[in-house]
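If you're matching them up, the sequences are chains Z and W in order. First residue of the first sequence: 17, per my numbering; consecutive thereafter. First residue of the second sequence: 34, per my numbering; consecutive thereafter.
Simulated from the structure, these hints should not be mistaken for laboratory data. If a hint is listed, it holds; no wrong ones were tucked in.
Below 27 Å or equal to it, Euclidean Cα-Cα: the simulated DSSO-like pairs (lysine-lysine) are:
no.	chain 1	residue 1	chain 2	residue 2
1	W	K433	W	K411
2	W	K411	Z	K277
3	W	K388	Z	K277
4	Z	K23	W	K250
5	W	K119	Z	K259
6	Z	K259	Z	K186
7	W	K300	Z	K321
8	W	K83	W	K51
9	W	K328	W	K300
10	Z	K211	W	K119
11	Z	K23	W	K119
12	Z	K277	W	K354
13	W	K69	W	K83
14	W	K328	Z	K277
15	Z	K321	W	K327
16	W	K328	Z	K321
17	W	K429	W	K411
18	Z	K23	W	K285
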Amino acid sequence: MAFSAMKEKYSSQVHTVVLGATKEEGGTRDYTITVGGEGALPFLHFEGEVPHRPVVALEVWDVVPEWHESLAPYFGDVYNDPAAWAKKCVMEYNADLVVLRLKGADPDVADASPEDCAKVVKDVLAAVGCPLIVLGCGNPEKDSKVLPAVAEATSGEKLLIGVADQENYKSITAACIVHNHNIIAGSPIDINICKQLNILITEMNLPADRIVIDPTTAALGYGLEYGYSIMERARIGALQGDKMLAMPIICNVGHEVWRSKEANASSEDYPAWGDQANRSILWEATTAAALLQAGANILIMRHPKALALVKQNIEELMVPTSFDD
Amino acid sequence: MALTGLEIFKQLPKTNCKDCGHPTCLAFAMALASGKTSLDKCPHISEEAKETLGAASAPPIALVKVGTGDSVVELGDETELFRHDKRFYHPTAIAVLVEDTENIADRVAEINDLNFDRVGLHYEIDMVALQCVSGNVDTFKAAAEQVAANTNKAMVLICEDVAVMEAAATAVADRKPLLYAATNDNYEAMTALAQKLECPLAVKGNGLDNLAELVDKITKLGYKELVLDSGNRETSQVLADLTQIRRLAVRKRFRTFGYPAMTFTSKDDPHEEVVQASVYVAKYAGLVVVKASKKEEILPLLTWRQNLYTDPQKPIQVEAKAVAIGDVTPDSPVYITTNFSLTYYIVEGEVESSKIPAYIVPVNTDGISVLTAWAAGKLTGEAIAKALEENDMESKVNHKTLVLPGYVAVLSGSTEEATGWKVLVGPREAAGITKFARENFA
Ligand code: B12
Ligand code: SF4
Numbered sequence: 017m018a019f020s021a022m023k024e025k026y027s028s029q030v031h032t033v034v035l036g037a038t039k040e041e042g043g044t045r046d047y048t049i050t051v052g053g054e055g056a057l058p059f060l061h062f063e064g065e066v067p068h069r070p071v072v073a074l075e076v077w078d079v080v081p082e083w084h085e086s087l088a089p090y091f092g093d094v095y096n097d098p099a100a101w102a103k104k105c106v107m108e109y110n111a112d113l114v115v116l117r118l119k120g121a122d123p124d125v126a127d128a129s130p131e132d133c134a135k136v137v138k139d140v141l142a143a144v145g146c147p148l149i150v151l152g153c154g155n156p157e158k159d160s161k162v163l164p165a166v167a168e169a170t171s172g173e174k175l176l177i178g179v180a181d182q183e184n185y186k187s188i189t190a191a192c193i194v195h196n197h198n199i200i201a202g203s204p205i206d207i208n209i210c211k212q213l214n215i216l217i218t219e220m221n222l223p224a225d226r227i228v229i230d231p232t233t234a235a236l237g238y239g240l241e242y243g244y245s246i247m248e249r250a251r252i253g254a255l256q257g258d259k260m261l262a263m264p265i266i267c268n269v270g271h272e273v274w275r276s277k278e279a280n281a282s283s284e285d286y287p288a289w290g291d292q293a294n295r296s297i298l299w300e301a302t303t304a305a306a307l308l309q310a311g312a313n314i315l316i317m318r319h320p321k322a323l324a325l326v327k328q329n330i331e332e333l334m335v336p337t338s339f340d341d
Numbered sequence: 034m035a036l037t038g039l040e041i042f043k044q045l046p047k048t049n050c051k052d053c054g055h056p057t058c059l060a061f062a063m064a065l066a067s068g069k070t071s072l073d074k075c076p077h078i079s080e081e082a083k084e085t086l087g088a089a090s091a092p093p094i095a096l097v098k099v100g101t102g103d104s105v106v107e108l109g110d111e112t113e114l115f116r117h118d119k120r121f122y123h124p125t126a127i128a129v130l131v132e133d134t135e136n137i138a139d140r141v142a143e144i145n146d147l148n149f150d151r152v153g154l155h156y157e158i159d160m161v162a163l164q165c166v167s168g169n170v171d172t173f174k175a176a177a178e179q180v181a182a183n184t185n186k187a188m189v190l191i192c193e194d195v196a197v198m199e200a201a202a203t204a205v206a207d208r209k210p211l212l213y214a215a216t217n218d219n220y221e222a223m224t225a226l227a228q229k230l231e232c233p234l235a236v237k238g239n240g241l242d243n244l245a246e247l248v249d250k251i252t253k254l255g256y257k258e259l260v261l262d263s264g265n266r267e268t269s270q271v272l273a274d275l276t277q278i279r280r281l282a283v284r285k286r287f288r289t290f291g292y293p294a295m296t297f298t299s300k301d302d303p304h305e306e307v308v309q310a311s312v313y314v315a316k317y318a319g320l321v322v323v324k325a326s327k328k329e330e331i332l333p334l335l336t337w338r339q340n341l342y343t344d345p346q347k348p349i350q351v352e353a354k355a356v357a358i359g360d361v362t363p364d365s366p367v368y369i370t371t372n373f374s375l376t377y378y379i380v381e382g383e384v385e386s387s388k389i390p391a392y393i394v395p396v397n398t399d400g401i402s403v404l405t406a407w408a409a410g411k412l413t414g415e416a417i418a419k420a421l422e423e424n425d426m427e428s429k430v431n432h433k434t435l436v437l438p439g440y441v442a443v444l445s446g447s448t449e450e451a452t453g454w455k456v457l458v459g460p461r462e463a464a465g466i467t468k469f470a471r472e473n474f475a
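With the sequences and hints as input, model every part of the structure.
Dropping the structure here:
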């Protein structure tokens, strides 16, 4: 029997979200980045548009991180200078954008004040022309003080700010509305909570096209498949018309991968697992490649070489394909 | 198309004789529709009905076996497009490519060594793919024999010249290698060879249109032990092809594509290859042939495959029973964890490598991880108390101190209250256990 391609007809597509604002738009960025907009499952160009490629970001911290020594050759010289660090990510390692993690705000780390945090964000903005993602320290109470302060100090920049969860979304959402930023809505690998939080945030009048969702990522070998399946389900829901699941997806890849044993264990201690440097790069790149197949739009990476591999993979996957009808 | 219970019922004798073990023909039809029984259980069915129903109740994707004995690799027999709809069954086989001009014994030894023990599971490379680059009958045959002599793994023989293939394939036919490949130019002779040797046959098309034509020609010749290759090698096109093959087979019951699919990585850089192969593992390849062969390259790929093919309905669990690691004494430390297999084995590995004998007490959390169980209210002071009691830990050790996972330090108070034991908060990541144990128990 002759082959005739099977093309799904979807009723809807993923929202687009614009990250960053140029001077004309009320910010200071050299360019903006648009994510989302796809009307097909990941990279299935033959049945729908994939207008914007997924983007890759590198992580910058506001305090010197205790990262594995194999990352020091790449970032060691800029660990204590977030602005220089951000510049390096963009200029040298070709990150599409930068993620600033305000780890120092954590009461158990440096307990940096909201004002201090806002200053670091401004320094980083001054150093690079790319759009910026700003993550809090992960302490919900502190984040609900720090993130609004950051939003105010960078009014109009259209940052992507997070992570807002069920507990602290109100103050962060309010700040994003007033100061024209985008928000990351985080949920613990639970599609109902994901949807519910989007509803709550849009009910506060932040438009759906200013929300990016973080459905929670685990590293390869540490529960990756759970998030993968939630993402697939959310994306199918989005294409079938569920507007409250139709947000672009962000995945915190580097952070999760570098907690794993496989990224860290030395070649000497674990000869059966091969070379640590290459293993860690591939652990990160493979995690990211898997998540791209489930619908990731923004990947937060840590190792420049893993970032390069993933960028290459995205480029290949963006090559259009078609089947004759 | 899959038939519904009612459609099947119409074809049955409707006598309700119960010979099939079901109370009524309708019950049998329902069971058949959901794959819980097979057609041959009804002895009274007409020949005609058997034919229509047989075709419809056959699995959408054939199960194809490569290799023999313990090393047999099963490909295909998938029923879903998304693992969350049910699950995937037959993990993508990974074959490592060897050229017939290489030092076969060395390369095969290297591939045999690509096996890993991780979190209580064993991963290994499934197949050796031997490619004829010499163009020489004797070289290829000798190489095939050498692969066979050096490994039990299933084999793929790659050669489009039928005469060259015949010598090698005949020499190792008892190992049931996958013959790669029948093409537009050689399919008659290659199919005859596969048929004669009873070996599975790969069909390599020139795009999906051509693949469909070729498969139909081959099945007309009477051979159906097939594995499909669209022939494309660009990442996005292969993803599209694999997706079409799977969708058409599962959703449309398009018989022509009702076989497992295979592909090759095209990258020269092994890192890029692993990333490319990860895409194909995710989206529907039954077999991927790679050149990468270092441990650090293969481990991530096999881990991704393992993750994807787990049953989303049932987390892998271990028995919630205390385990003694090493030569324990009544002084040995007691570590608390959960009975999620992943969590348990990570902890076990670390306790072992700390070289300080200890008990591990996995609390029954229905197989979920530490933080998930904490968030779900399944890892509590009471649950820990119950686990200590059921495992009679008080009589196994002469102290009353337990080590709590660092991520659930907040449980310290309630645990001390519920158990009467003293809590020592351990590190967050299990990787910190060795250092922690040396500081506290050495
Ligand atoms: C996969 C996952 C799930 C899966 C569960 C899979 C499973 N079988 O466990 C599913 C999708 C079902 C799930 C559900 C939920 N989850 Co969940 N889940 C995760 C995820 C992504 C990974 C968990 C995992 O498998 N980790 C790997 C294992 C090995 O880690 P582990 O058990 O903690 O073990 C490590 C350490 O604890 C340590 N360790 C373990 N034992 C011991 C013992 C000792 C002595 C020591 C020293 C160390 C130690 O070693 C290990 C490696 O370092 C995490 C987020 C993340 N990225 O980690 C969220 C996460 C754990 N989930 C969370 C939540 C809230 C939930 C839900 C309650 C959400 C909801 N629906 O309301 C539900 C509850 C489910 C239920 N009701 O049964 C939260 C918990 C929040 C918190 N900080 O407490 C997390 C952190 C996500 C988040 N950031 O919000 N989840
Ligand atoms: S054996 Fe056949 S005829 Fe008898 S009850 Fe079962 S389905 Fe009906």
